[in-house]
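Number of protein chains: 2
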Amino acid sequence: MNNFVFCNPTKIVFGKGQVQQLNSLIPENAKVLITYGGGSIFKNGVMNAVKEELAKSDRKVFEFGGIEPNPKFETLMKAVEIVRKEGIDFLLAVGGGSVMDGTKFIAITAPAKEFYGKEEELLYFGAKGTPVKNVLPLGTVATLPATGSEMNNGGVVTKGTDKMPVFNAGTFPVFSILDPEYTYSLPATQVANGVVDTFVHTVEQYVTYPVDGRFQDRTSEGILQTLIEIGSKTIEDPKDYDSRANLVWCSTMALNGLIGSGVPQDWSVHMIGHEMTALYGIDHAKTLAVVLPAMWRVRKDQKREKLLQYGERIFGITSGSEDERIEAAIVKTEEFFNSLGIKTRLSDYGLKSADIKDILANLEKHKMLALSERGDVDLKVSEQVLKTAL
Amino acid sequence: MNNFVFCNPTKIVFGKGQVQQLNSLIPENAKVLITYGGGSIFKNGVMNAVKEELAKSDRKVFEFGGIEPNPKFETLMKAVEIVRKEGIDFLLAVGGGSVMDGTKFIAITAPAKEFYGKEEELLYFGAKGTPVKNVLPLGTVATLPATGSEMNNGGVVTKGTDKMPVFNAGTFPVFSILDPEYTYSLPATQVANGVVDTFVHTVEQYVTYPVDGRFQDRTSEGILQTLIEIGSKTIEDPKDYDSRANLVWCSTMALNGLIGSGVPQDWSVHMIGHEMTALYGIDHAKTLAVVLPAMWRVRKDQKREKLLQYGERIFGITSGSEDERIEAAIVKTEEFFNSLGIKTRLSDYGLKSADIKDILANLEKHKMLALSERGDVDLKVSEQVLKTAL
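Residue numbers (the working numbering), protein chains in the order written: chain A, 110 to 499; chain B, 110 to 499.
This is chain A alone, in the form it adopts within the complex (with noise of 0.2 Å):
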């Protein structure tokens, strides 16, 4: 096992009705700006529950609307605009992960006096962190499974067709509410890229090089038997209620730290997915629906022995050579997602073999140049990748 730090300070709380706790979660004399995206929690009665509390309290509150999903740069210093001049200083993100990235980006802008007028330097600084102290709290209520941004505290912010992924040590949310019937609501489409992003997200923290954590492995793989066993449940039966509590808890899971601690990460599916959103618009879900099989197809040397168990573990694949095993159990996965409406290769979005130069030059732009959890997946593989993936 390789050596680790682990800190999640974000209190969880979780289930039917627990909006209820969120007047006590909140300082008293706060000022507080709730931000959200397209007004669906205005339909789905989740405004309404927020206001509810909130209103149980003094406290002055101001509402920022319009977070896009890919929040945009330029959206969110609105938002940074009207935290100043208010004097906000506690933001609560109600919506999903969208919501809740561009949340923690204002959480750290608004106050990072040494940035002012070239804020956009703050969107460069990758996973090292944003070099902000004193950033302002935050909580959420969260109303989709997949992201894991309620309990972490990374996020991703786009400006034109950059993708970058903002990290700050303290924009690990202060709470999060999750009640799993607040996403009872969501469209079909959008719960099976929560299922997709969830499995992904584990995935890329699990199928890399054996280093002998066995508490991650299985923690791992329990994640994935549970997206795979209630997946379509949930989909058909949005109201289900375990078995969108059990999505909902596993897609927290999935990216909060746990999992990836003491163990190679690789993270490449990801990056290279990015791209493909940044430049076309497809979900993030079905960009990494599309890369992960091919990039599996391309590092099975380097990802041997974890394809090997994944196949065994997940789902029981243990005859035929070591190579058809490992194809066998990519297979699987493929018709996983397949299951869930997913399509997995580059042309069911209308990508053809001339499109991947721009996905190419982004990457380069990027300084993408060494993924993964060997960092070996060069332009070079990534072009490989992204060929298999046609």
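Careful, some of the hints might be misleading.
[Unchecked claim] 30 Å max Cα-Cα, derived DSBU-like pairs, lysine-lysine: (1) B:222 x B:476; (2) A:120 x B:165; (3) B:348 x B:120; (4) B:165 x A:237; (5) B:160 x B:227; (6) B:242 x A:140; (7) B:227 x B:476; (8) B:194 x B:222; (9) B:242 x A:120; (10) B:181 x B:165; (11) A:237 x B:441; (12) A:242 x B:452; (13) B:194 x A:242; (14) A:466 x A:409; (15) B:441 x B:461; (16) A:165 x B:242; (17) B:120 x B:181; (18) B:476 x B:242; (19) A:165 x B:237; (20) A:474 x A:409; (21) B:348 x B:242; (22) A:489 x A:461; (23) B:222 x A:237; (24) B:452 x B:441; (25) B:181 x B:160; (26) B:242 x A:242; (27) A:268 x A:227; (28) A:242 x B:169; (29) A:489 x A:441; (30) B:227 x A:242; (31) B:120 x A:120; (32) A:409 x A:476; (33) B:237 x A:125; (34) A:169 x B:125.
[Stated by the list, open to error] Just a sample of chain B residues kept apart from chain A, beta carbon distances all over 10 Å, derived: (35) 166; (36) 236; (37) 271; (38) 418; (39) 432.
Please keep in mind that the hints were generated in silico from the structure rather than gathered at the bench.
Glycine included, every Cβ here is placed at the ideal spot set by N, Cα and C.
Start from chain A and add chain B according to the hints.
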């Protein structure tokens, strides 16, 4: 899945040589009291390494040794006096579960002005927690994989024949350094105890009744499978780093609140076991190894579904009637404990039928009259369990 709140702010610093982080983890100008037990940390070099790190800053450092296994109220009160007299503002527990547990009690008690002169009342608030605010911050350098105290807010403190659980919202360690190499010098019997302790912590949160908590179940099963794989190995070959690292991480994860979130919890085995330790000084883990199989035999109907799941997923037991499969799973569990050198009958520890009434009297005194995930373990059931364990 049941509603739950989960929050665990402890920073885990895991792996070889991580004591080198110590200096940066403790506030620069803190007055530190190092707490420890019987002095094994002087023999195995841990105390030297700790002091060397602390000497890199100008802090005033005090020491308090002699915290015994099953730490006593009277001993801990001596440390409380030092804290009050010297104005200590950070506690550093260097040792195993007893040292960490005892240090939590010191952290609660020293600043509790409202309990001056009547500190022993703090022993009797049970799982609802001690009503003390602003407890002292504490960190740990853990040397025994067993109790999970390094990443939770609970401890167990003994006064006479009262062995009482003590909790406080503020006694999560700020950090815990877990270096598996620091556990190499433990006697084999303590390592075996640690394996069994971790195993029983896990099943107290897993073998109850099903609520469709799939992540929780699978994570628990992962811990159990890991313990079965590495248990004997890490006892026989203490310097096998990976086996020991897996034991250390599993023991932490088994009792940090994660696997028990959103699912029923039992703990009746622990409560009965505590009385046996308090009355007869039998090692904590050994009391658990005695009570658990008997508890499962007596309450197999109440735990039927989870016992069958446990038998199938952990030991691959799939044939025979339900009762036969349950009995086979219990026998496999006993065999596992025995394989580690831990006996599983009351008579193995010199206890006889006539002793049972004393254990029951203690349970009654401590109001342990409605134990288990269903509250159905009254004194009559406890008696039946103890008779079954003879």
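Quick one: which hint numbers does this structure break? Sort them smallest to largest.
-> Structure breaks hints 2, 5, 10, 11, 12, 13, 21, 23, 30 and 34.
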